[in-house]
Structures are given as structure tokens and as C-alpha cells.
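Number of protein chains: 2
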Amino acid sequence: MLRFEIEKTEGQSRLGKLYTAHGEIETPAFMPVGTAATVKAMLPDSVAQTGAQILLGNTYHLMLRPGADRIQRLGGLHKFMNWDKPILTDSGGFQVMSLSKLRTITEEGVSFRSHIDGSLWHLSAETSIGIQHKLDSNITMCFDECPPYPSDKRYVANSTRRSMRWAKRSKEAFIDRPGYGIFGIVQGGVHPDLREESCRSLTEIGFDGYALGGLAVGEGQDLMFKTIGVTTPHLPADKPRYLMGVGRPSDIVGAVLRGVDMFDCVMPTRSGRTAQAFTRHGVMNLRNACYKDDPTPLDDQCHCPACLHYSRAYLHHLVRTKEILGVMLLTWHNLTYYQDLMKGIRQALREGRFTEFAQGVFS
Amino acid sequence: MLRFEIEKTEGQSRLGKLYTAHGEIETPAFMPVGTAATVKAMLPDSVAQTGAQILLGNTYHLMLRPGADRIQRLGGLHKFMNWDKPILTDSGGFQVMSLSKLRTITEEGVSFRSHIDGSLWHLSAETSIGIQHKLDSNITMCFDECPPYPSDKRYVANSTRRSMRWAKRSKEAFIDRPGYGIFGIVQGGVHPDLREESCRSLTEIGFDGYALGGLAVGEGQDLMFKTIGVTTPHLPADKPRYLMGVGRPSDIVGAVLRGVDMFDCVMPTRSGRTAQAFTRHGVMNLRNACYKDDPTPLDDQCHCPACLHYSRAYLHHLVRTKEILGVMLLTWHNLTYYQDLMKGIRQALREGRFTEFAQGVFS
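Line by line, the protein sequences give chains A and B.
In the working numbering, each residue's number is its place in the first sequence (first place is 1) plus 3.
In the working numbering, each residue's number is its place in the second sequence (first place is 1) plus 3.
Because the hints were derived from the structure by calculation, they are not lab data.
Just so you know, not all the hints are guaranteed correct.
Stated by the list, open to error - Listed next, the in silico EDC-like pairs over lysine to aspartate or glutamate satisfying Cα-Cα at most 16 Å (straight line):
id	chain 1	residue 1	chain 2	residue 2
1	B	Lys171	B	Glu207
2	B	Lys88	B	Glu129
3	A	Lys295	B	Asp297
4	B	Lys82	A	Asp296
5	B	Lys20	B	Glu8
6	B	Lys88	B	Glu27
7	B	Lys11	B	Asp196
8	A	Lys88	A	Asp48
9	A	Lys325	B	Asp120
10	B	Lys156	B	Glu199
11	A	Lys43	B	Glu326
12	B	Lys11	B	Glu29
13	B	Lys295	A	Asp72
14	B	Lys43	A	Glu326
15	A	Lys82	B	Asp296
16	B	Lys346	B	Glu129
17	B	Lys171	B	Glu111
18	A	Lys82	B	Asp48
19	B	Lys11	B	Glu354
20	A	Lys20	A	Glu8
21	A	Lys229	A	Asp241
22	B	Lys82	A	Asp297
23	A	Lys88	A	Asp179
24	B	Lys156	B	Asp196
25	A	Lys171	A	Glu111
26	B	Lys325	A	Asp120
27	A	Lys88	A	Asp120
28	A	Lys137	A	Asp48
29	B	Lys82	B	Asp139
30	A	Lys82	A	Asp139
Construct the entire structure; sequences and hints are all you get.
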């Protein structure tokens, strides 16, 4: 059971708060990805300093290494990784499809081989929820299949209906307790009728929140926005909505415009490892030789250590010499940029000027 | 000109303070290595938190990337890398010998090809000192040759005498100013007569401090200690002594026993990148499967973040999954261990029980 309060709305956009056993989350919220029990190249204190109030962990990665039973014995994921704020875990369904090999999908669940050592594993609604319990995840995600894009409509329909049956089994396997909850995942590809059907199925089961899955898989921003737009009206107004694996800053703003409350994406962290920086001057590639003598900070409106203490020339030097500190500083900066974006969105909602704020992003 | 005060002695060991334009250094001191204008995988604030009061920078690496003129234009090495405490730079002589290709040594200096792109470079006493000025190094090192070990005595003698002529040229090229100084480097291999001759040559020139070069190059701890023991008595008692590139904790304690005041070594940082941890329980390899379920901290007497907030099981997991955070935490821990060792040495000297302290290390 998770309490969610909507403080204010503007059009379809919502300013809210989600309460968990490990603290509250102001929404719209962006969740940094901590795949293998670490946000890559960041200490948890530093992640918190960026403004992040919740992290995402990956069931698929953690079940393989170090193993869910081991994390449970060591006191749960919060203690294991020294993060005492809320954690959401995905169900493993998406990674099984995108990372593992030799998958077999049946009504019961999925058999697959580990991408690390080829060992054979099995995941089902029941085992996925069980693992997420062992991790002590505050927000458990239903086990689902994310069909590849594009897929023919018949495949998407069958897959979506099976995911809805898995959603029911996930909910039944979930052990409810105060400050913990389970989210359903809407599938249906880019088909409005299947999305609506999926929303109806999940709403009948009843969840603490509703995620939009199967998007940002290659369909493009226009079709993604369109699909979000035909989905959120069919979801309960009083529950949080989470767009999985999204995205670029403009994706986030466009989704908030369409009633989404939560996001996660590897983009800020992965970009930090490939010399890309999100700034108020646009996306910059620090490998670029134009920065080698640039004494100015990356983003003069940013308060992260990379911007407060270093020049673009120094960051360029770190990138060129493949120094770990370059990855550390750019990751820190990008996560700060994303959290500042979310603060800006929330502030605009609070002040009733989010529509105007969003126009600034898309103009 | 650098002021050095010896507060207390015990046998040949000395407790002292070295004053620079960027702050003071308590000796015996260990200098973390910041090769390419970064202590690998550490923010400067974190390096300072370990207790480090001075860093070492590498002339060879910095002249190649990003270039000494560029660092000068950007305000010097302290500003470039956001480290406002003292910096010592080596002269490049050692790295030219160990890293570069196609070296030609003449009386004038050394021509070599960069290990990065094969480009042709030249270093001499005058250019090395000039680069160190551009970096704004607090402690400039003389340009010298570090002969390979073993070398025949005739080669070592000729090389040492040339290094002494380079030392004279280095001193002449050095622009003296308050809070900045230049150290001579004693060479002479493992030959007591050559070491004595080298000490005499350098003392005649007159330096702010004296380094012992050409050690820890494969001669073993016994012969290294023996060579230190026949060298330090020939150095001025009132100037700091610096053993270059050393070493393991027992090397440091043994050298302090023989009158050495300063050290640098890549060991704590490099070990942090290869899963080795220095602890009060000995050296541990965190890759080892014996740690995979170990809920205890790395070193329960250590106050670094790795020991305060994480289990050995978590560190093992980070190492196995090749997570950058593993490198960050183990580097931080190892640097903390080394600085705690130096604090322990200084405390023992202050309390007149260093001989006893050293016996604990060698028993």
C-alpha cells in the first residue's frame, strides 16, 4: 500500500507526492538507474545530492549477480548498496527480452540463458515478485513481456493479454505491507485499442500505480506521445503513472504534459560514460577538440561539482586521457541536470505555469 | 625557497614540517600520485579527506597531454585540477626511461617518442624545469636519468655523473621564489661510493630537499634499505629527504627509520583498480570468492566510506561486476590506509615510540 497525493493539476499534468516506507517522492520524479546495486560511477551520497529521491534497481541483473537470496541475507538492497531512500525494481521482463539469449516464453513464464555465463534461468510472475520481495523493493513491478518494435498487431495483442494474465498473478504473489506497493504495466504497443484494453485489465486488478511499458523502443517521439495520450485517460486519476525507460528531457516534459508522474532512464548516466553532457546550452560532446582550451564551466547555471570547480578544458582532458574522474564528473553533472529539470517542472506546476514552461522546451 | 622545520628526532627518524606557498606538509608524508592531473577515480576533496597534504604530478604525462603551455594558460596545475594544496612534480626523467620509445640520451638531454602517438619530443634540464614552472609546481624535481636495474657499475657511474651535471643545470634554470623549491635527486644505483659522491655533488650545488632516486626498481627491500642507510648520512640534516616511488607500508616504515621524510607511490591507487585492499588484517584481494557473503567491513578500524558504509560482500560484488564504484571505494580506502599509516608514524615520533612502532611492522 502506497499513499499518493495530488497537490495540484494543470491540464493533464499533476504535481504530487508518493509516500513509501523509505521516504517520500515528489512527482513528477526522475529515477536514476542503479542496475547492479550501484548508480554507475556515483556514491549514493552524491546521487542524493543531485536531488534524486528514488532509485531503480534491476531484478534481472541482481538475480544473476550477486543473487537475490544473497542480498536478502545481507539485509536487503537498501542496506547492501547504502541507499536508505526508496527503491523501485523492474520485474526483469524487459532485460530478459533485451539482454538474455535463447529465450523460451510460455504461459507459465520465461526460460533464458544468462548474458554473463550462459547459465539457464527461469522467471515467472511468482518468481519475479518473490525476488523483488527479497530485494526489499518499495515499488515492485509486475512481470510482463515487452514485445519488440515493430511487431504485428496479432503478436502484440497476444503478448499484451498474456502480460495482463501475468499482472493478475503478480498482484496475487505480492505481499502487501504499509509503504510498499506494486505497479501494473500497460502494454499494447502503439495500438490505442490494445492500450485501452490493457488499462482496463490492470484497473480491474487494482494497483498502487500504473506504468506505461513498451514505449521508447524505436517508435519515435511523435508516436510515443500519441500513445501516451490515448493511454493515460484510461488510468485511475488518483494513482501515480510511470513511463518506463524514458528519456530525453523533451520526452519527459511531453509526457508530463500528458499526465505522467515518474520516469527512469539510463541516458544521464550512460551519457556520462560517453562524454555527453546535458546542459542549458544543449547537449555537448566533451571529446570535441573545440573544448581543449575552453576555461569556462560546462554549464554556468549548474551547481554540481563538475560545473563549480572545473573548466571544459579540464573535462575534455579527462575524457581524452580516459580518466575515471571524467566519467564521475560528467555522470554527476547529467544526473544534476535531470533532477534540476524535474525541480523546474514541479516548480512550474506549483506556480501554474507548466504549459508555458513546456512551450519553452518545444519551441 | 622552502622552509623545513624538524620538530623532533628519534634515532635517524625525523618529525617535521615543510612550508610551501600552498600550505604546509607534515612529515613523514605520503604523496598520492596524480599522474595526468587527477588522482585516478578520486575527487580532490576526497583525496584531502584521506589526510593527504600534497600530491605528485607527472611532467612527462602532462607535457604530452594536455600540454604545459595549456595548463599555464588555464591558470596552473592547482587550478586546472582543483587542488589548492601543495604539488610536487617529477622531472619526467623516470617516465621517459620507463614509458617512452626510441630514446636517445646525450649530454644535452633526451629525445624520445611519445608512448601515446609516437610523436617526437625532447627533454633537458632546462625544458623540464621550464615545464614545472609552467605547471606552477611547489616542489620542482631536477632532471635526471634513472639507470635500469641491474646495470654495470661503469654505466651507473657515468649516468650518475651526467645526472649531477644536469642537477647543476636544473638548479640554474630554476627561478627561486618564496614557498617554491627544487629538490636534487641522488643517484648511484646500489653502490655506496657512487651514492656518497652523488650526495656530495648535490650538496655542493645546494637544494631545498634531496630525493633518493633509482631505488625500488627491482633490487629488493634489503638492498634498498642498505642503500638508503649509506645515503642519508651524507645529506644535509636540515633538509627534507624524499624516497621516490616507494612503496609498500613496510618499505615506508623502514625508510623513515633510516631518515627519510617523504614518499610517493602508485601502489594505493593502482591496487584500488585491481581489487587489492591494504588493511589492518593484511592485504586482501576483493575478487576472492571467500568475501561473497561476508557482511563485515573491509577494515573495522578504518573511517573511509568503503569501510563505514559497505560490506566486503558488496565490494566483492562491485569488483566482480567491474563497477566503477568498486574502483572508487577501494582507491579511497587504500589512500586512507596510507595516510593513517603516516599519521601513526608521526604520532609515534611525537611520542618518542617510533622504534617500537617500527618493530611492530617488522616483527
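To see whether the hints hold, each was checked on the structure:
{"no.": "1", "hint": "Lys171(B) - Glu207(B)", "verdict": "9 Å, holds"}
{"no.": "2", "hint": "Lys88(B) - Glu129(B)", "verdict": "26 Å, violated"}
{"no.": "3", "hint": "Lys295(A) - Asp297(B)", "verdict": "46 Å, violated"}
{"no.": "4", "hint": "Lys82(B) - Asp296(A)", "verdict": "14 Å, holds"}
{"no.": "5", "hint": "Lys20(B) - Glu8(B)", "verdict": "5 Å, holds"}
{"no.": "6", "hint": "Lys88(B) - Glu27(B)", "verdict": "8 Å, holds"}
{"no.": "7", "hint": "Lys11(B) - Asp196(B)", "verdict": "30 Å, violated"}
{"no.": "8", "hint": "Lys88(A) - Asp48(A)", "verdict": "11 Å, holds"}
{"no.": "9", "hint": "Lys325(A) - Asp120(B)", "verdict": "15 Å, holds"}
{"no.": "10", "hint": "Lys156(B) - Glu199(B)", "verdict": "14 Å, holds"}
{"no.": "11", "hint": "Lys43(A) - Glu326(B)", "verdict": "7 Å, holds"}
{"no.": "12", "hint": "Lys11(B) - Glu29(B)", "verdict": "12 Å, holds"}
{"no.": "13", "hint": "Lys295(B) - Asp72(A)", "verdict": "12 Å, holds"}
{"no.": "14", "hint": "Lys43(B) - Glu326(A)", "verdict": "7 Å, holds"}
{"no.": "15", "hint": "Lys82(A) - Asp296(B)", "verdict": "14 Å, holds"}
{"no.": "16", "hint": "Lys346(B) - Glu129(B)", "verdict": "37 Å, violated"}
{"no.": "17", "hint": "Lys171(B) - Glu111(B)", "verdict": "13 Å, holds"}
{"no.": "18", "hint": "Lys82(A) - Asp48(B)", "verdict": "25 Å, violated"}
{"no.": "19", "hint": "Lys11(B) - Glu354(B)", "verdict": "10 Å, holds"}
{"no.": "20", "hint": "Lys20(A) - Glu8(A)", "verdict": "5 Å, holds"}
{"no.": "21", "hint": "Lys229(A) - Asp241(A)", "verdict": "22 Å, violated"}
{"no.": "22", "hint": "Lys82(B) - Asp297(A)", "verdict": "14 Å, holds"}
{"no.": "23", "hint": "Lys88(A) - Asp179(A)", "verdict": "19 Å, violated"}
{"no.": "24", "hint": "Lys156(B) - Asp196(B)", "verdict": "11 Å, holds"}
{"no.": "25", "hint": "Lys171(A) - Glu111(A)", "verdict": "13 Å, holds"}
{"no.": "26", "hint": "Lys325(B) - Asp120(A)", "verdict": "15 Å, holds"}
{"no.": "27", "hint": "Lys88(A) - Asp120(A)", "verdict": "32 Å, violated"}
{"no.": "28", "hint": "Lys137(A) - Asp48(A)", "verdict": "24 Å, violated"}
{"no.": "29", "hint": "Lys82(B) - Asp139(B)", "verdict": "10 Å, holds"}
{"no.": "30", "hint": "Lys82(A) - Asp139(A)", "verdict": "10 Å, holds"}
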